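Q: Line by line, the protein sequences give chains A and Y.
For the first sequence, our numbering gives the first residue as 372, with consecutive numbering after it.
For the second sequence, our numbering gives the first residue as 919, with consecutive numbering after it.
Honestly, I wouldn't trust all of these hints.
[As the list claims (entries may be wrong)] Only pairs whose alpha carbons sit at most 16 angstroms apart, straight line, appear in this in silico EDC-like list of lysine to aspartate or glutamate:
#, chain 1, residue 1, chain 2, residue 2
1, Y, K1018, A, E389
2, Y, K1018, A, D427
3, Y, K987, Y, D1002
4, A, K422, A, E439
[To be verified] Only part of the chain A face toward chain Y is listed, based on derived beta-carbon distances under 10 angstroms:
#, residue
5, N378
6, F416
7, P475
Quick caveat, the hints were computed from the structure, so don't treat them as lab data.
Since the structure is predicted, the reported quantities are computational estimates derived from the model, not experimental observations.
From the three backbone atoms N, C-alpha and C, an ideal C-beta is built for every residue, glycine too.
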Amino acid sequence: NAGVMQNPRHLVRRRGQEARLRCSPMKGHSHVYWYRQLPEEGLKFMVYLQKENIIDESGMPKERFSAEFPKEGPSILRIQQVVRGDSAAYFCASSSEETQYFGPGTRLLVL
Amino acid sequence: ILNVEQSPQSLHVQEGDSTNFTCSFPSSNFYALHWYRWETAKSPEALFVMTLNGDEKKKGRISATLNTKEGYSYLYIKGSQPEDSATYLCAPISGGSNYKLTFGKGTLLTVNP
């Protein structure tokens, strides 16, 4: 039973480019969460999605960030026009009940 | 935003020592507390989900207790082994949402052989 998969594991972008981070939840899980870890900080909640629905995006920056979890395929966290301050580790988690299972993260570096 | 404090920030013990660390959180509007173990370059691994005051959970040599009235949880490791070296994170959830984990900064445990 594969765990939560994230790709790419590492992503380098130049300022102004777009970053797309993918998350495939564990089999049978319909809830996906994205968290961000900025340098020297803890994990912070960004967004909670169910299939085709954004349930809570209260932790998402208001501009340039978007997330989706389509009926088919992985959840995508999209960052448009990246800036240096977006450099961080982005973690996805999935759940069917109360326990959230985390993926290995995508480390984004913006040059 | 929940204020979550974990102490100590880091801890070095010898193999075979028993150790414990603390997670403090606001006691009002408590819903649940999650503990995770996070090894470098790996995914955070779920250890426990605790909900009831006085709860005690155990997984092998690791156990945890919960006091929701005063807002703290202890994590204990009995007979530490080098493979226990990791960052231990706690994440309470308040009643406002039953899914939004608010993580502390963690306790970094290093077990020397």
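Q: Does each hint fit the structure? Answer for all of them.
A: Against the structure, the hints come out as follows:
1. Y:K1018 with A:E389: violated (27 angstroms)
2. Y:K1018 with A:D427: holds (9 angstroms)
3. Y:K987 with Y:D1002: violated (30 angstroms)
4. A:K422 with A:E439: Satisfied, since the Cα-Cα distance of roughly 8 angstroms is no more than 16 angstroms.
5. N378: violated (14 angstroms)
6. F416: Hint on F416 of chain A: holds, closest Cβ of chain Y at ~5 angstroms, below 10 angstroms.
7. P475: holds (5 angstroms)
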